[in-house]
Structures are given as C-alpha cells and as structure tokens.
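Taken in sequence, the protein lines are chains L and Z. The first sequence maps to residues 3 to 139 in the numbering used here. The second sequence maps to residues 718 to 1439 in the numbering used here.
There's no promise every hint is true.
[Said to hold, decoys possible] No more than 27 angstroms apart at the CA atoms, straight line, and that leaves these computed lysine-lysine pairs for BS3-like: (1) L:Lys62 to Z:Lys925; (2) Z:Lys1310 to L:Lys59; (3) Z:Lys1292 to L:Lys66; (4) Z:Lys983 to Z:Lys925.
No lab work stands behind these hints, which were simulated from the structure alone.
What follows is each chain in one-letter form.
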Amino acid sequence: MDPSRKRKLRLVVALGAALILAGALIYTSFSASTEASTPSEVVASAEPGRSYELTGKVAKDSVKRDDDRLRFVIADRDGAGSVPVAYAGVVPDPFREGREVIVSGEMKSGTFVAERDSLVTKCPSKFTKEKTASIGG
Amino acid sequence: MAGVGSACLFAGLLTALYAAAASLYGARSGRREVVVSGRRAIYCLAGLMVGATAVLQSAFLRSDFSYALVAEGSSTDTPTFYKATAMWATQDGSLLLWALLLSVFSSTVLFLTRRSLREIAPYATAVLAVVAGFFLLLMVGWENPFGTLASPPAEGSGLNPLLRHPAMMIHPPMLYTGYVGFAIPFAFAVGALITRNTGADWIRATRKFALVARTFLGTGIMLGALWSYTELGWGGYWAWDPVENASLMPWLFGTAFLHSIMVQEKRGMLKVWNVFLIIGTFVLALLGTFLVRSGILDSIHAFGASTIGVQFLVFIALVIVGSTALVISRLPHLRSEARLDSLLSREAFFLLNNLVLVGLCLVIFWGTFFPLISEAITGTEASVGPPWFNRLTTPLALVLALLMGIGPVVAWRRITPAGLRRALMWPVLATALVLVALLALTSSAERPLAQLMFCLVAFVLAVVVQEFWRGAAARRTISGDPWPRALSRLVARNRRRYGGYLAHAGLVVLFLGVAGSSAFLDQRDVRISPGERFTSGGYSITYLRPTATLGADRAGTGAPITLGAVLRARDKNGKTFLLRPSRNFYPTQDGSKGAIGRFFEGEATSEVDVRWGLRRDVWTAVRPDISALDGPIREANAKFGDASGDVQAVVIAAIVERYRRHAPPATFRAIVSPLVSWIWIGAGIVVLGALIAAWPSPEARLRRARSLYAARLGRDLRAEAS
C-alpha cells in the first residue's frame, strides 16, 4: 500500500473509533441517567419502575428510625408538596431536619424507596457544600 | 488593618494592569527597559499578595472577628492549626490564595528566564498579569476577603467540623498549586504563538513547571481521596462527584501534555496538538476553580449560586476564543517537521496514550456536565451516577495500563516486530507467571476485569524493572561499577526517563489498589447492641462496649463530646485486634435547641477507625443513636437552661455517662477492603518519580552556567567594540 493511502486508512480508522466512543458516550449516558425531580413531581407523575433523583428538604420532626431503615419526609423547597422516604444505608454526617438532601430511588405504593447509600446531604455553608456532596457515593 | 489588606489588593490590580501594558508596549516597541519594568511589576505584585495574605492570616490567628471572613470560618476555640488554614476554607480566602500562588510562581519563572526567551517572555508576562488581574478584579469588585463587620460578634462560628482533618487543610493549597502552575506553560505557549517561535524553546523553559504543577495537582487529588476515606464516614475514596472530576480533568490533560511534548522536542511533531493540550489544561484548571465556586452543577438542585459565576464564565470564554483564534492564525507556523514513520514507534505510542487520556477526560467531562447537556437537549434535568463512570472509564484505564507497558520499550521512529518481541519476552513471561499464581492461589477469577488489571500491573512493573536492569547492566559493562552505583548513576544521568518509569510503576500500583478494593470489597451495615456481633469479609466483629468522653477527641479537632464504641475483630486464624470508631459532636449556635441540647444537635462527624494493612484494610465507623437521650436532654434544657457554665458541664457529663451505661443499639458500618493501601503507596511512588524527573540535572546546571558565561562574554565584547 502506498504511504498516502495508508495514512488515509489510519485517519478513517481513528475517526471511526472516535465516533464509536462518542456514540457509546451519548447512548449510555442517556439510558443510564436518572431524572431529577421534586417531591410534588414524583407524587404527581412518577412511573413505576423508573428511577428518580429526588431533591428537597427534610421535613421537621419527620425522621424516624425503623429497625435498619430510616424513614423521613422530603418536602418541596417551598413546602408545597411532600413525599415519605424509606432509606437504608449510610447516613451522611450533615444529615439534619430542615436540610437539603438528594436521594435516588423509585416510587412504590406511595413511598419513595431509596437506593442503598444514595443519600447526599448538602451543607448550609456555601463553600463547603460541594465537598459534602461526595458523601453519598 | 483590613484597610491595608484591601489597599494591597487594589494596588495589586493596578500593578498587574501596568505589568501587562508595559510588557506589551516594551515588546512591540523593542524597548528593553520597559519590558524589564513590566517583569519587575510582577515581582512587586507577588510582594503585595504576600502582604495581603499576611494581614488576613494574622487576623485569623488573632481571632479578630471584625473581619467577616474570620467570624465565618474560625472561632477562639478552633485549634491553632485549623485557624492558620481556615483562610482557604472560604471562597474569598481561596481567591486570595490563587492570586498569591500565581504571582509567586510567575515571579519565579520570569526570574529564571530573565536572560533567555527574550522574545516570548514579555508576552508571557502580559498573559500572567492578565490572569492575575482577573482574580484581583474578582476580589476588589465582588468578593473582598477583607470585608469587615460593623458589629463584630464575640465568638466566630468556627471552621466546619468536616474540614477539620489534616489532609483537608493541605489539600486545597496542593490543588491550587497544580491549577495555578499550569498557567505558566500556558502563558509561554501563548507567547510562543504570538511571536511565531513555535519550536520547542518554550516547552524546555516551562516543562518543569508543568511537571511540578501536575504532581501537586495529583497529590492534592490523592489527599482529597484520603480525606474522603478517613473523614466522611462512608468509606470510599472516590465518588465521581463534580468537584472531584473537575480536579481530575486538568490532571489527565496535563499528563497527556507532558508526554506529547517529548515528541515535539525529539521530532518536531504534534505542535498543534501540544498547544491544544496546554490551552485545554489551563481552561480545565480554570473550570475546576469555577466549579467549586459557582455552584453551576448544583444549580439543578437550586442551591444558592455564588456571585462570581458569570464573571468566571466570561473569562473562560475569552480564554477559549482568544487562544483558538491565535492558534488558527498561526497554523502555518505549526507544521510538523517530520511524519509518523511507523505505528510501531515511540511517537505513535505517545499519540495513542494521548488519545486515551483525552478520551478519559472527555468521558468525565460529559458525565460531569451531563445535567446541563441533558437539560439543553431534552429539557429535563438528569444525571449519571458512579456506575456509569465506572463502566466507561474502566476499559480506558485498562488500555492506558497496557500502553504504559509497551510504550517505554518501543524505539523512536520505528521498531521491528522482531525487536518488539525481544523487548517484551520477559515481561510477558512474568505476566503469565503472575496469572497462573493468581488463578492457583486466589479467587480473583470471579472478577475478570480486576484480574485483567492485575495482569497488566504485573506487565508494566516487569517492563519497568527490565528497563532499569538493562540500563544498569549497560552502565556496568562500560564503567565496571558495582550494581548499586551503576543504578544510581544511571538514574542520575537520565532523570527524566527513569523518573518517568518510576511514575509508571507508581501509577499501576495505584491501579492495583483501585482494582482490588473496588472488585473485592465487602461492606456491612448493621445495627447491634453491646455484646452482639456480625461478620464482614472474613472477620468476626464484636461490639464490646460503648465509649463516651468529654473534651478528649483523639484527632484534636476541638469537639466537646465524643461517643463511640470499642469493637473486637477476629480474623480466620483467631488473631484479634481492637477498633475504636467514634463520632464527634459539635455545639450549634442555634438557640432553639436549648442550652444543653445545642451540644448534641449541632454538626457531628464520624471519626472512623481503620486497621491499615498491605493485604487489606478493616475500616469501621459508628453512628451512636442518641434519640434515647432526647428525654434527659429535654429535661435538662428546662431545668438547667439558665444555670452557670460549670453546672451545665456537669449536666452534660451526666447525660454522656448515661449513654455509656445504657447504650441503645448503634449503627455500624464495617468495610473490609483488599489492597486499598496500595493506592496511597502508588501515589507516593508517582510523586517520587516526578521528583526525580523534575530535579535539576548536573548537565542542565552546567549548560546554564556556560550560556550565562557566553552572554557575559558577548556583553563585554560589545562594550569593548563600542
């Protein structure tokens, strides 16, 4: 094969590999993603079997321990809607009533059943909040 | 004093503007003295930043709460070490740290190159001055770290307890040193492009800065991982959190740059690619700073965004547009001086390694910004989790390990297949032996990807050992030195090369730790009472007794109350050891919790206890259930709310003692994590390798001395002639 054809072939192979990687990136990310929603949204329109990322505030006096599980209520930031959550796994250090949390899971008969260890708490302090985001894993 | 600090910042802004203007004017008009004046303005800027930092630092040490920053991030009972490091736990303070580091590094590099790179240096000075000016503008205009409070509080709110960890306090300066360090090669690359000096001079002058920057960045990342492992109480070291990703991306780009510049130095190829990489690295470093600051990725969770996000975005956009336009206008000067002769050549492998590193970076970038991308495309915010990152980065990491093994043995220009076979024969044999041993002695076959990684680790290590061996053997035949001397001379004469090999070895050792700990980790979460037990990863762990102490926190973070547990772990052979995880409780200033309750209802942090080991770590954390104390606390609030501090202390002691005597079931997390220690060991080896590579070699010193002598001679001759 003459050199210029060989180079062209290399270019085609390289571009092909890049396209495959890009395709895999786009396909897997859209299929593996979880949708972010607020409590009132999941209550209103959650499809069974779909996974959501729930964001809101832990309602006051709602945290109860039930054997290995933690039960609490997450309310909308403006307090309009709320949903009960059942959670198992590690509870991040800054978890408190009234704080913003993010938790992933799905709706099962009116309760948001969270994935293990998916709870992330955000610190009220503006700089350190980013750091604590890594707690949930 | 706060006025002095603010004045330093304002003077610094003017100085930076002057430095940029003088350097540009001096370079255009060819007036050397103006260029020199611009350079000296940068030294002056460094002095001003040192002054500003000293003012702020002394305010922290004196606990002067008239400074808003000190009142926010420190308190009189904060231990001194954390007072001294609290500056960069705040947004404004960390901007000042950025400006300080940038001005000091810029001064260093400009001082070192004051007699060389006469054409490029003035433009590089201007670029550095503009970057410094941007950060100063942010501080002067929006986030002044010297803001004062009209009525200073008697006590500050204290440093966030989560940040009270030695690794956490060294971690930000390390990361910032890395981020800032990349500004230097970036500035010189821009200077090289503007003056059309697109050879390898700018690379030679600044590559050590890139290497040092990358090493600091890597160390910072690892310290962050260590902090996460030992402080956050969930037991992992990496969570693909946006901020973690933001620090990893410039590291990957910077690593690609450090490899591909060797191709430009040796063969004059990949010039466009190299400027692309260094521009990309710097932009990613800015992006990293921006992500921590702006809360843009949190914006989907609607947390309060910072005031300077827009400014950052505008600056990043300007950097991207400006650099891209510059590169395009200089494309004719960036032609390659040689062509790729063969795919079996060192330069081809460098290119492949670059593509994998940039590919990794692209994957991480896509995943990190996916919430924004998905919102832009589909209109709904969605995010991808750690499993997605793991699935996409694992194959790329495997390819990277393979390339790290093959690359070093491949010659420049081309190697024949027979030559490659000869070079790889022993490493491949060693790998096969390791594979047989793994299959025979361990159960690693259950996790094929981890097993593949173990084999590649063995392969790379074998290649590195072979390279050291061959080099030392060759030296021995020439000089007749004994082995240790031959080896040390070999490394001393080729620091960059053998330092690099050592870094490869360290990185695969790190991969070994990651593969082992992520594939074979055993994690248990249990809720048990004293006397009960559970098993995790082959260990039988018994909850012996609860502990409760006042003012006796082991790590010295200043926590008044510590509740914990004593655990006894017994391995399969009956060997036992004790583990003492605990949890620190920090008081809150929130009055609604009551005078006694505020000591229990504030922040609390896990103090994990880890039994470190080369084969495996046993990691434990406890979460005492203090809801049983609610009754006594309520009672105490009512009875002793107005009592004196001493009485309250006695009451708290009594409540804590009650926990120790009648402890309710506590929640434990135990993780038996194989090989995880090798992550930290591997990182240490990488740093050692980088140090060897960055250390000035005797030849370079000699060369510099010769060129200085020649310059002086030339000056004297000119003086005589005129």
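Right, here's what the structure says about each hint:
With a CA separation close to 55 angstroms, the supplied pair Lys62 (chain L) and Lys925 (chain Z) exceeds the 27 angstroms bound. Only pairs whose Cα atoms come within 27 angstroms are accepted, and Lys1310 (chain Z) paired with Lys59 (chain L) is accepted, the gap being roughly 19 angstroms. With a C-alpha separation of about 38 angstroms, the suggested pairing of Lys1292 (chain Z) with Lys66 (chain L) is violated against the 27 angstroms cut-off. Restraint check for Lys983 (chain Z) and Lys925 (chain Z): satisfied, since their Cα atoms lie roughly 17 angstroms apart, inside the 27 angstroms limit.
When the structure is compared with the earlier hints, violations turn up for hints 1, 3 and for no others.
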